[in-house]
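Enquirer: Once you've looked at the hints, dock chains B, C, D, E and F against the given chain A.
6 protein chains.
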Amino acid sequence: MGTDMDKYLEKAEVLIEALPYIQRFNRRIIVVKYGGSAMVDETLKKRVIQDVTLLKLVGFKPIIVHGGGKEISRWVGKVGMEPHFINGLRVTDEDTMEIAEMVLNKVNKSLVQMVQELGVKAVGISGKDGGLLTVEKKYSDGQDIGFVGEITDVNPKVLYDLLEKDFLPIVCPIGLDKEFNTYNINADDAACAIAKAVNAEKLAFLTDIEGVYKDPEDKSTLISELTIDDAHALIDEGFIGGGMLPKLNNCIDAIDNGVSRVHIMDGRIPHCLLLEIFTNRGIGTAILSEGEGRYYDDNE
Amino acid sequence: MGTDMDKYLEKAEVLIEALPYIQRFNRRIIVVKYGGSAMVDETLKKRVIQDVTLLKLVGFKPIIVHGGGKEISRWVGKVGMEPHFINGLRVTDEDTMEIAEMVLNKVNKSLVQMVQELGVKAVGISGKDGGLLTVEKKYSDGQDIGFVGEITDVNPKVLYDLLEKDFLPIVCPIGLDKEFNTYNINADDAACAIAKAVNAEKLAFLTDIEGVYKDPEDKSTLISELTIDDAHALIDEGFIGGGMLPKLNNCIDAIDNGVSRVHIMDGRIPHCLLLEIFTNRGIGTAILSEGEGRYYDDNE
Amino acid sequence: MGTDMDKYLEKAEVLIEALPYIQRFNRRIIVVKYGGSAMVDETLKKRVIQDVTLLKLVGFKPIIVHGGGKEISRWVGKVGMEPHFINGLRVTDEDTMEIAEMVLNKVNKSLVQMVQELGVKAVGISGKDGGLLTVEKKYSDGQDIGFVGEITDVNPKVLYDLLEKDFLPIVCPIGLDKEFNTYNINADDAACAIAKAVNAEKLAFLTDIEGVYKDPEDKSTLISELTIDDAHALIDEGFIGGGMLPKLNNCIDAIDNGVSRVHIMDGRIPHCLLLEIFTNRGIGTAILSEGEGRYYDDNE
Amino acid sequence: MGTDMDKYLEKAEVLIEALPYIQRFNRRIIVVKYGGSAMVDETLKKRVIQDVTLLKLVGFKPIIVHGGGKEISRWVGKVGMEPHFINGLRVTDEDTMEIAEMVLNKVNKSLVQMVQELGVKAVGISGKDGGLLTVEKKYSDGQDIGFVGEITDVNPKVLYDLLEKDFLPIVCPIGLDKEFNTYNINADDAACAIAKAVNAEKLAFLTDIEGVYKDPEDKSTLISELTIDDAHALIDEGFIGGGMLPKLNNCIDAIDNGVSRVHIMDGRIPHCLLLEIFTNRGIGTAILSEGEGRYYDDNE
Amino acid sequence: MGTDMDKYLEKAEVLIEALPYIQRFNRRIIVVKYGGSAMVDETLKKRVIQDVTLLKLVGFKPIIVHGGGKEISRWVGKVGMEPHFINGLRVTDEDTMEIAEMVLNKVNKSLVQMVQELGVKAVGISGKDGGLLTVEKKYSDGQDIGFVGEITDVNPKVLYDLLEKDFLPIVCPIGLDKEFNTYNINADDAACAIAKAVNAEKLAFLTDIEGVYKDPEDKSTLISELTIDDAHALIDEGFIGGGMLPKLNNCIDAIDNGVSRVHIMDGRIPHCLLLEIFTNRGIGTAILSEGEGRYYDDNE
Amino acid sequence: MGTDMDKYLEKAEVLIEALPYIQRFNRRIIVVKYGGSAMVDETLKKRVIQDVTLLKLVGFKPIIVHGGGKEISRWVGKVGMEPHFINGLRVTDEDTMEIAEMVLNKVNKSLVQMVQELGVKAVGISGKDGGLLTVEKKYSDGQDIGFVGEITDVNPKVLYDLLEKDFLPIVCPIGLDKEFNTYNINADDAACAIAKAVNAEKLAFLTDIEGVYKDPEDKSTLISELTIDDAHALIDEGFIGGGMLPKLNNCIDAIDNGVSRVHIMDGRIPHCLLLEIFTNRGIGTAILSEGEGRYYDDNE
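Protein chains in written order, with this note's numbering: chain A, 1 to 300; chain B, 1 to 300; chain C, 1 to 300; chain D, 1 to 300; chain E, 1 to 300; chain F, 1 to 300.
Just chain A, with the same shape it has in the complex (with noise of 0.2 Å):
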């Protein structure tokens, strides 16, 4: 039967390797927030989106939020609108608005269409949608920046209809105010809006950096797994910066609300929601609630 078995044989190990993970997770809900440049690269693309539909295929419930990110700029641009700036800052104007809406849209659509053609029912929705998402406006120190909101509460009823009829819900991140009027969210606060509002046993952020480290210029400093006090530790001494520091700020409130495991993870490496769940090599960072550790022990 020779190597050609051997190979084979191989395979089957890998899945039942799998298996305990496979238990845990049974029926738990996992929120991908999806962003970076694993979507932009199509065949980084296609990866993500295979690996969660193995995840809902496996017996999870994996909800899907994702950004717009460059394409929303690269529309702005084609219509020939002219960018507004207060204090440096791009303002979401009513114009905007609609271009960012139709571009979110068209993504949510594609990632749909994706998930559909791997044999999985996806609905797409945005934060309209059965009323998902209700923001307000959102100002960046006083400054009027335009719709752009902050959530101020999430009705979760339709992704659990949807979860409940087996669907596979895709997200963008678009929010309705009190009166009606339509906001851009950003897709970090929406996925941690979501995993809250549904008691989520993980949240993964794929990103387009490694993960947390302790010297962002040092690679070697990368910081596998941090709990809340760590977390609170490494922000209160200054080492969080940039676009970090809202992210892990974002991790520490969803730990707080009741989700077990947030994952910082570089969504370039091929498969890393595979490996990161189904295999013991830890991918980026993973912010646990104190007294935890990264890996499910066997009386969890």
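Hints are not guaranteed to be accurate.
[Said to hold, decoys possible] Away from chain B, derived, C-beta distances all over 10 Å, residues of chain C: (1) 8; (2) 17; (3) 87; (4) 143; (5) 157; (6) 165; (7) 178; (8) 218; (9) 220; (10) 249; (11) 252; (12) 256; (13) 271; (14) 289.
[To be verified] Once the Cα atoms are required to be at most 35 Å apart in a straight line, the calculated DSBU-like pairs of lysine-lysine come out as: (15) A:121 / B:157; (16) A:70 / B:121; (17) D:46 / C:137; (18) C:157 / C:121; (19) B:137 / B:165; (20) F:157 / D:157; (21) E:7 / D:70; (22) C:70 / C:157.
Bear in mind the hints are in silico, worked out from the structure with no lab data behind them.
A virtual CB, placed ideally from N, CA and C, is assigned to each residue, including glycine.
Expert: Chains B, C, D, E and F alone, transformed into the frame defined by chain A:
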């Protein structure tokens, strides 16, 4: 209590008059094809949404299928695209398709927003979600006109699930072919295919004409009721032309496939849907199967 | 399209106006105490039944509790019975109880009949069915006045079951004591006890007076809204007397036990129920818990 | 342990003997037509109710259909009404119908009361409730005999709903015609129509005779088992007359429409229902479809 | 109708007498510990199974927990195994455990067979199935006596599932420790732990003694009722010894953990279960929580 | 990230490869006949159980049917029983049957134990439980060979119930005849009968041979695919003999009765089940209905 009270009593009487109609359609599915001027004029738009929302609230199960019409053309221009034509027909090339999908989804979510504002839960989907609409390429006299799809299969599961969970589904006419490419679909065709697939009790087309005329030049020849046989006769005798022909063929197809009543009505008449359904003032043209009258008799 | 169309549009507007009210009470229980002149006049009777039937059809869950009033006296006379009195109070002896039960059940089934005729499924029960109402003997100043019961327990299971199965329950106020003897119950008391037991959103008393007056002699002193505290004050100050006192005490009891709004209205006003619920014309007196207004505000 | 224990053991043996019969009818519907002397004698009445209640408790689904018989005549007299006759037949005019309905409902609720007293939940309804029985006017040899109805339609939904909710339904034989007028119905006819509509396993008539006799003058000719063919033969040969003829026709009708076994038994025999069902002592006459024996054989 | 009929009527009366008891326990769980002589004598065995089957059929939810007793010893001998003893206690070494499990499963399936023969669906399981019983090693005065387990956890899901699906569960007392080794469990302990876990209404021990005696030497000192306090007192005062002590401790434990009534009865009395439950002849000793009487009073 | 990461990525790819297979069988029933060497070798045993457990976890609904094989012979010897033979066939007399049942149940529970250890809930039953398997005595050329049963009826309710409640059912091949005597059943026959009764998607026989050979002497003649017609032809032409003949007849029987694919595979190949199901390496022989290929094509 004078005249003020009289006014109130009159109101009460209107509600009471609606009673038998409410009963008749309790839990029945009504597919509303929403398009034309009623989508452009903001006042008309609000009224159509009020009507459909009321239908939902009093126990009907409406589904909205909408087009994007002039908005698509506006955006195609906005991004400075050159229209392509073959044999005088506009071709939906990849770029046009992209714009069309963006616009249709924008319109879709704006309808969701209006329904939500009236306090009813809505979910906006396209024919991609849950694999609702499967298409194949449509040719115009053998000519390739791009990503224009003909519906080959409807999987109504997502609609049934949303209705069961008490949502008002709003559908935009985009579908996937078997290779999972995106196609634009004629909204009338989509409404008709969906009405057939969900066994709708009623299918109502909101259009920009009053109904079917025997002589389109003579407004006094508006036909109030049309049996299937009448409709075939009119077509065979060449009375029907232009945009009405495919519409009427859709009506016939719907009736032949189990939809009980199809209405072609003028969406510019305020509250035309309510008038048709809750009063005995017939609006537009009703297409009926042989042996049925326009109004429900007592023993039905 | 002229005046005819105008009339129809006005009708449509009335329906649209009802929209927020329909929403507000969707699937909420409303207990209607039906009695007085509105039970004698055939035209009024028909209108009350139309109103309640409409409430059912648009998604409310009404329960009718009715009395038998003058009809009982008429039958007591018809069979030539001698009325018994103690301290000036009519005594419900065994024979009277038998007649009362027969008459109440007759009235009960005639209401069922009227509702069925309007196309809604109704089931008429008494407090005996499913053990709905348990009573103990009621004394009048220590005097035995026969089979007059005071409710000690309500088992609402049969009502919940009928509502779940989409029936409109119609209840006549007869109950059993622990030894399973039959007792007559004051219909106001029965309506109040049932409203409390099923956590009704509203309890409406259809009576023969316009509402609560500050000075019963002066019709201009009709009180439109009354908080619990106001009601207690009115009673303490001796403004309330006669048949209104127990009625108002019932109202207070209902509000104290979780019913949100209680209405005392004049059943002789045609469609008073619809007017109260679907328009902003307040009918009669509304008793509210502290801090609530008569009309629902937007954020409720 | 002596004789006392022996007595107890005997009791246990009786319960054990009932085991196969309990199994046989588990969750099967049994319609009991309750009438005649067993409704007049208080001791017999109590026993019948005990029997039916026991059937309910051990897992059967009994439905009681009852008449009012002599009680109606008593009340017609009590109010001093003049009986009308046409061709020697009593006419159910409007006044008589009113009395009849009152009496039947009184009897109905007294049965509810007795069942409730035994700890089983009962709901008493008439054929009006939930649209159970629809009738048309019945003529006697072309003569109008008033509000006597012939059943044209049974809508068993209310019975199925009550059974599902674990109630014992008790039905009095009153129905509505298509114009919603009230009609009296022969209780045997009602029981038979209901048994057919709910696909009863058994239909038992409690009567004042022992069963079907070959020669009514000779008690020794009591027939224990009768196939459909036998029954037809007996009728054709003129052996059956008087009140037995319509009863036997009802039996045949029931068997022809899916009821498995019909029993005519003497309601004056204490616990006749239990004896028939739980012991191998056949009571009265069993009417069976061709090829079945009176007792269930082992492989059924 | 003579004496034959009298006999039948007596039978009917027995059934009627059982009525209130059937009601009382409707859908309540009864755990029957089945062991001792009643498992050896074929006639007694059949009667116990008849009793439990009857309980099932009339609406109770019985669970049988059984031992294997003498049959295990017989088989240990049969295969020529040498018994091991430590401090005079038989040691359950691996070989003994293997035999014990085989015998217990054989007994288990023979009970399934008997219940099935009576027409009731049974499923036989051990504490391994569905993870029902988790144990840890039990030591006897610090001595290792082999695979004898003490229950540390009960997962009643499999029992609830089987009951919901209308099966009669039959359980043999074998469990797994956290390393998934097989252990033998005392059947009394298993019955008690299961009764607590499923919140049984009753726990009945079928034993080879009549009940609890004040003075085991004097049969006349049989105690009919025992409150928890009484039981503690008896133990403290040293009246209880031998095999009764752990049994009584189990009873106390069960009562303390929500089981309403525990019975110790003589399984050699034919139909002792039915006698205890369906008649007012108390069998053996009932252990009750403070303030309850042996027989249910009317208001319970 | 180097070679370590490469290894992990390879693992992820294996999981991704399994995706379409997981989809294909989602919620489908797979009956696995488990026997032969794979039941003796502890390593193989563990792998088979891992495989079936994985199938369960990723959404399949496996049912294990197992034999007891050599273990029964070992125990028959252990208790010193004399084997009986008729015409050279071993007779299953009462004592042998008793041993066989004990051994089969022991094996059954040891499989439950292994599955539970892997974190999946299992319930072990025999054909007695819930009346799963009914048999009649089987004769060998007219000779009575004792308690060897031929399946006459399968009542799959208990299997459906266990599957619905998310258990993995493990069945040992023992059944009852109509007189409720215990019979041993050939495990292949039991697996086949069960697969037919539950409409299994797949039936896989784990055996000690590689599959079906054209020439059993020549291993190179292993047949990979066999249609029903091919199978009949092979049998008719006399190529199939020995133990393979009844096995192949079982396969044909299963295919003829609605099972889609039957596999005969070598249980000694580690993870043969996973290899067959999750990779495109065909293991053993697949028996298919006419017109189907071994691998599922895209449009199926």
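Enquirer: Hint by hint, where does the structure go against what was stated? Just the numbers, ascending.
Expert: 1, 2, 13
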